[in-house]
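Those protein sequence lines, which keep their order, are chains A and B.
52 is the number of the first residue of the first sequence in my numbering; add one for each residue after it.
58 is the number of the first residue of the second sequence in my numbering; add one for each residue after it.
It is worth saying that the hints were derived from the structure and are not from the lab.
Any given hint could be a false lead.
[As the list claims (entries may be wrong)] Straight-line distance between alpha carbons at most 25 Å, and here's what the computed SDA-like set of lysine to any residue pairs gives:
#, chain 1, residue 1, chain 2, residue 2
1, A, 150, B, 178
2, B, 183, A, 146
3, A, 150, B, 336
4, A, 56, B, 340
5, B, 187, A, 159
6, A, 56, B, 360
7, A, 150, B, 352
8, A, 75, B, 222
9, A, 145, B, 295
10, A, 150, B, 240
11, A, 206, B, 295
12, B, 335, B, 183
13, A, 150, B, 252
14, A, 208, B, 240
15, B, 364, A, 189
16, B, 335, A, 142
17, B, 335, A, 143
18, B, 252, B, 309
19, A, 75, B, 334
20, B, 335, A, 189
21, A, 145, B, 350
22, A, 150, B, 351
23, B, 364, A, 206
24, B, 335, A, 177
25, B, 295, B, 240
26, B, 246, A, 218
27, A, 150, B, 340
28, B, 364, A, 208
29, A, 159, B, 309
30, A, 150, A, 190
31, B, 246, A, 187
32, B, 246, A, 120
33, A, 233, B, 217
34, A, 145, B, 334
35, A, 208, B, 90
36, A, 159, B, 306
37, A, 150, B, 295
38, A, 145, B, 360
39, B, 364, A, 236
40, B, 222, A, 248
Being a predicted model, the structure only gives us computed values, none of them experimental.
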Amino acid sequence: MLELKDICFTPADSEAGASKEILKNINLTIDERFVAITGPNGSGKSTLAKIIAGIIQPSSGQILFDGVDITDFSITERANAGISFAFQQPVRFKGLTVKDLLSIAAGKEVNVTEICNYLSEVGLCARDYVNRELNSSLSGGELKRIEIAMILARKTKLSIFDEPEAGIDLWSFQNLIRVFEKMYQEINGSIMIISHQERILDIADRIILLEAGEIKMSGSRDDVMPLLMGAGTCSTLLDKM
Amino acid sequence: MEISAIEKNLLAQVADLHEVPEGAYNIRANGQMAGRNTTANIDIVTKTDKPGIDIRIKKGTKKESVHIPVVLSEAGLKETVYNDFFVGEGADVVIIAGCGIHNCGEQASEHSGIHRFFVEKDAKVKYVEKHYGEGDGNGERLMHPTTEIFLGEGAVLEMDTVQIKGIDSTNRVTRAELKAGASLTIREKIMTHGKQSATTDFVVDMNGDDSHVNLVSRSVARDESKQLFVSKIVGNAKCTGHSECDAIIMDSAVVSARPELTAANIDAELIHEAAIGKIAGEQLVKLMTLGLTTQEAEEQIINGFLK
Chain A
52 MLELKDICFT PADSEAGASK EILKNINLTI DERFVAITGP NGSGKSTLAK
102 IIAGIIQPSS GQILFDGVDI TDFSITERAN AGISFAFQQP VRFKGLTVKD
152 LLSIAAGKEV NVTEICNYLS EVGLCARDYV NRELNSSLSG GELKRIEIAM
202 ILARKTKLSI FDEPEAGIDL WSFQNLIRVF EKMYQEINGS IMIISHQERI
252 LDIADRIILL EAGEIKMSGS RDDVMPLLMG AGTCSTLLDK M
Chain B
58 MEISAIEKNL LAQVADLHEV PEGAYNIRAN GQMAGRNTTA NIDIVTKTDK
108 PGIDIRIKKG TKKESVHIPV VLSEAGLKET VYNDFFVGEG ADVVIIAGCG
158 IHNCGEQASE HSGIHRFFVE KDAKVKYVEK HYGEGDGNGE RLMHPTTEIF
208 LGEGAVLEMD TVQIKGIDST NRVTRAELKA GASLTIREKI MTHGKQSATT
258 DFVVDMNGDD SHVNLVSRSV ARDESKQLFV SKIVGNAKCT GHSECDAIIM
308 DSAVVSARPE LTAANIDAEL IHEAAIGKIA GEQLVKLMTL GLTTQEAEEQ
358 IINGFLK
C-alpha cells in the first residue's frame, strides 16, 4: 500500500559542512494493517510521518501509495488520495468549532448523531463539546482527543498518528488503546502510529525501530518486542515506557 | 412608498428582513420613511429639528423588538441621521439597526448614523448593527456610524456590530458611560478589501462601582486595506474592563491597534489584549491534511474567525 524508496531528508537551512541528515535512505514497504514506529527522540519519526503526509518534502527518494507515485503530491492531494495525519501538537483555531472541524474532516456536514459517535469514541461527551471553539479554552488533552476524532471522521486508507498518547492522562490512555483496537477492527485501511508506549507497540502487527534516521529494526511484534525490551538497544525508549 | 428589489436585497443583508418585520419598525430608504409600525409599548416619532427619529420604549417592556434599517440605492446621496433610543426602567428589548448602500453610480453615497441609547435602571438591550455595501459603480460607499451609550444603574447593553463587505471608508465611533452595576459588551467584526479603510474608536468611561465593560474586536484586512483600532477604557470606580483586538492581515494590508487603559480608582481592574498577524501556517497545514486546498483553508479560517 505504502512504499518509501531511498527517502533522505536534510533540512534546507543546514549550514554547509554541518548538514544534519535527519533521514538516511529509508526503504520501507507497508502492507500491514497496524504499524508502530518507535525510536528515541530525534530519531526522525515525526519527520518521516510528515514526509508521508506531504508536510515536508524529502531531499531525495520516492513515495508510492497504492502504486501511484505521490512524491510530488501536495498535502491536499495526499489527503484526498487517502492519507490522514493526526498532529503530535494539535492546532488551535479561534472561531472554528469541534463541529466545523469534524465536518471538514468528514467532507460533509456531520449531524449530531455522527458527532456523538466520533466524540464518544475518544471519551468526550458531544453535548459539552459540539459547539466549543478549538481555542485556548480547551486543554491539551481535550484537543488531542478531538484531533483523533477528526481522523476517525475521515475514514481514510492510511491514518497516521504522531504520538497520540502525548498529553493524554493515564485513564484516557486505557481508552485510547481501545480506540485503536476498534479502529483496527472497523476500518479497512491501515493505521500507522508513532509511539513510545509498550501497550501500543503490543497491538501492532509490525514494529519499526528508527535510530539516528535509519531503520534499525523492522519486523513482527513477536520478533521485535523482545529485542526492544531486552537488549538495551534503546535505553532511551525503555526510560519512556 | 414602494420598496424596490435592490432595496429588498439590502434589507435582507443588513436586517435579515425578507418580509415586513414583527413588532416596531422604521424603514428609511433613500432619505425618506418607507414604513413604520409602533406598538403599545414602543413609540417611534420623527424628529422635528433634524433628520431622524426618537424611539421610546416604555418601562417594563419585555421581549419586544425594534427594527430600524436604512437603505441607500441612489448614487450621490449623503445623509446624517440622528436616532435616539429611550429605554425605560426594567425593559428587555432587541434593537436591530443596519445600513445597506447600493451604489451603481459615479458619485459617493454616504450615510452617517448617530445613535444614542439612554438605557434606564436595570433595563436590558441587545443591539445588533450590520453594515453592507454593494454595486458596481465607481462611486464610493461611505458609512460613519456613531454610537453613544448611557447606561443607568444595573443596565445592560450588548452590542454586536458587523461590517463584512463593500464599505469603502468607515469611521466608527462609540462612546459609553456606565453607572453603578452597569454592564456593556461590544463585539465587533470587520473585514476590509481592496483599498478600503476602517477606523474604530471606542471610549468607555466606567463611573459607577461594579460596572463592567468587555470590548472584543475581530477583524480581517485583505489586499491593500487599512484598519485602525483605538480603544480607551477609563475606570473611575471599582470596576472591571477588558478589551481585545484580534486581527488577521493578508496580502499588503495594514492593521494598527492603539489601546489605552486608564485606572483612576485603586479598585479598577483593566486588561487589554491585542494580537495581529497572518493566518498561522500550521492552521493552513492542518486543514490541508483534512483535504482542503490552501484557498479553501483560508476561507474556513476567516469565516470561523468572523463568525
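Now for the hints, and whether the structure bears them out:
| no. | hint | in the structure |
| --- | --- | --- |
| 1 | 150/A - 178/B | violated, 40 Å |
| 2 | 183/B - 146/A | holds, 22 Å |
| 3 | 150/A - 336/B | holds, 21 Å |
| 4 | 56/A - 340/B | violated, 30 Å |
| 5 | 187/B - 159/A | violated, 30 Å |
| 6 | 56/A - 360/B | violated, 41 Å |
| 7 | 150/A - 352/B | holds, 20 Å |
| 8 | 75/A - 222/B | violated, 52 Å |
| 9 | 145/A - 295/B | violated, 31 Å |
| 10 | 150/A - 240/B | violated, 31 Å |
| 11 | 206/A - 295/B | violated, 55 Å |
| 12 | 335/B - 183/B | violated, 32 Å |
| 13 | 150/A - 252/B | violated, 35 Å |
| 14 | 208/A - 240/B | violated, 53 Å |
| 15 | 364/B - 189/A | holds, 19 Å |
| 16 | 335/B - 142/A | holds, 15 Å |
| 17 | 335/B - 143/A | holds, 15 Å |
| 18 | 252/B - 309/B | holds, 10 Å |
| 19 | 75/A - 334/B | violated, 37 Å |
| 20 | 335/B - 189/A | holds, 22 Å |
| 21 | 145/A - 350/B | holds, 20 Å |
| 22 | 150/A - 351/B | holds, 20 Å |
| 23 | 364/B - 206/A | violated, 28 Å |
| 24 | 335/B - 177/A | violated, 31 Å |
| 25 | 295/B - 240/B | holds, 13 Å |
| 26 | 246/B - 218/A | violated, 34 Å |
| 27 | 150/A - 340/B | holds, 16 Å |
| 28 | 364/B - 208/A | violated, 33 Å |
| 29 | 159/A - 309/B | violated, 33 Å |
| 30 | 150/A - 190/A | holds, 17 Å |
| 31 | 246/B - 187/A | holds, 20 Å |
| 32 | 246/B - 120/A | violated, 45 Å |
| 33 | 233/A - 217/B | violated, 45 Å |
| 34 | 145/A - 334/B | holds, 13 Å |
| 35 | 208/A - 90/B | violated, 62 Å |
| 36 | 159/A - 306/B | violated, 29 Å |
| 37 | 150/A - 295/B | violated, 40 Å |
| 38 | 145/A - 360/B | holds, 10 Å |
| 39 | 364/B - 236/A | violated, 39 Å |
| 40 | 222/B - 248/A | violated, 51 Å |
Comparing the model with each numbered hint stated earlier shows that hints 1, 4, 5, 6, 8, 9, 10, 11, 12, 13, 14, 19, 23, 24, 26, 28, 29, 32, 33, 35, 36, 37, 39, 40 do not hold.
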